[in-house]
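Undergrad: In the order they appear, the protein sequences are chains A and B. Each residue of the first sequence is one higher than the one before, counting from 0 in numbering that gives the first Met the number 0. Each residue of the second sequence is one higher than the one before, counting from 0 in numbering that gives the first Met the number 0.
For the record, the hints were derived by calculation from the structure and aren't laboratory data. None of the values given here were measured: they were computed from a predicted structure. Keep in mind that the hints are not guaranteed to be accurate.
Claimed, not checked - Here are a few chain A residues that face chain B, going by a calculated C-beta distance under 8 Å:
no., residue
1, Glu-48
2, Lys-110
3, Arg-127
4, Ser-184
5, Trp-185
6, Asp-190
7, Glu-311
8, Thr-326
Every residue gets a Cβ at the ideal spot worked out from N, C-alpha and C, and that includes glycine.
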Amino acid sequence: MEDNASFDEVKKEYQEFYDFLNAQEGLKEAREEARKVMSPSKKELLFQEHSISVYKYIPTEKTLHATPLFIVPSLVNKSSIMDLLKDQSFIEAMLKRGFLVYMIDWGEPTKAQRDCSLEYYLKHYLGRAIRRINKDASSSKVHLLGYCLGGMLTTLYCALTESKGVDKMVTMVTPLNFSDGGMLSWWANKDHFEVERIVKSMGNIPADFFSASFPWLVPTSKIKQTKLLMKKHTDKKFLESFYALDIWATENVGFPGKVYQDVIKYGYQENQLVEDKSWPFESEKLSLDRVKIDVLNLCASFDHISPVGSCEVMEKLLDNANVETQTFATGHLGFATGKDARGVSTSEYWDKIESFLS
Amino acid sequence: MNFDPFSMQKKMFDEWEKSTAEYVDKVMRDPSFMKTISQNMGSTLDMQDAIKEQTNKVLKSMNVPTEDSLDGLYKTVHNLETRMLDFEEKIDDLSDMFKKLVEISESIQSEAKTSKAKPKAVKQATKKESPKKSK
């Protein structure tokens, strides 16, 4: 009996595999269909400078919060993760909660941007974006929200400018301790990663560099993904989510050369934020003590890109800020897509952000 | 005990997946492996640099603009765009200041009008009151 049951199961699996092989053309179409429905929230361009664009999202509800919310995504991935799909969009959720939402899109860096330092990116691009947003929203301050490495940028912006034009800050899965034993820290180790040499030759770091290396963070992830796809390739809703995430994860953007050098050298290799609670900007070394605002730091306990330990450390580093750390059982993308570690939708994280910013 | 080849096959696959992940992780954390990767990368970059240098020489000799010579042009365009946006912001600020000045001057003018109108009203009131006083 047991043998028969197992035989049926294996037969079913082989059938699934056979159907999956036959469905390849349809799956290619499903991927392109997913691309069409990504970034559902309506937006307008506020301004553009070099590769950078700042968008204003069209409010869907009555504006309840006078202070606008300014989202700063990571430099290495596309900003589409913050507005992935309908009902899986952080931006849509914030618009529904009556926030005025703006987001910076770093874009593909131009050749001329390869020599722009991290300080230039913060002072010049973020500074101008905050001024423009405040003008557009007729406000004097914005709430900053940094996602992943974007959280490090917002933190450093606050240190650099003493939080000029900023009311409160939210950081999501933001790594600040780079000696966390994670694979990324090991790859960037100065014993075998000559970042100056790489930047000198490459200029801006091309997107292919990241899309070729990131899958090795979890080497069997491709196998797991294929197994999952094989099981659910007839479920349209699943395919939409699956491919939207796949498109986001595999289509990286290039990293501006000098900024990459600064982040790898002072962040990953010298771990300046933890070792010295400061950052050596081009003009001067500045302490994190200069951050004196309320901060909500959201960490994910199943995050393999920004391990929870490297994010939770923020509370110990920002001595003069009022940091509230909240760790949830979710992965790296959970706060952006509103899904917990089991993939179940939840509004818990977004409610927390709303109550913090209100 | 029943021997079940199918569940055995599944278990073997799961074990293979797990051990492969562990093995790759172990290999990538090996300093000598990373050193080899680093050396390979260094050699690739050296080769790329050499090709670029030679190509630049050939293009220069043919009076064709090279990537490096275009860099200056990119930077000029980059700076022009930045300056244009700086001016745009300054013009915006000036126009805000101008609007405020207009508002202030309008409010001064309306105040002046009301203050001119006031003495007449006072005079009229005193005229009306004066007969009472004579009584």
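Undergrad: Does each hint hold? Answer for all of them.
TA: These are the hints, each one checked on the structure:
The interface hint given for A:Glu-48 holds, since its Cβ lies 6 Å from the closest Cβ of chain B, which is under the 8 Å cut-off. For A:Lys-110, the shortest C-beta to C-beta distance to chain B is roughly 5 Å, which falls under 8 Å, so the interface hint holds. The interface hint given for A:Arg-127 holds, since its Cβ lies 7 Å from the closest Cβ of chain B, which is under the 8 Å cut-off. Given the 8 Å rule on beta carbons, the hint for A:Ser-184 is violated: about 11 Å separates it from the nearest Cβ of chain B.
Below 8 Å, beta-carbon pairs count as interface contacts, and A:Trp-185 has one with chain B at about 6 Å; its hint therefore holds. Taken as an interface hint, A:Asp-190 checks out: its beta carbon lies about 7 Å from the nearest beta carbon of chain B, inside 8 Å. Annotation: interface hint on A:Glu-311 violated; nearest CB of chain B at approximately 23 Å, more than 8 Å. A least Cβ separation of about 24 Å between A:Thr-326 and chain B goes past the 8 Å threshold, and the interface hint is therefore violated.
Going down the numbered hints, you'll see the structure goes against 4, 7, 8, while the others check out.
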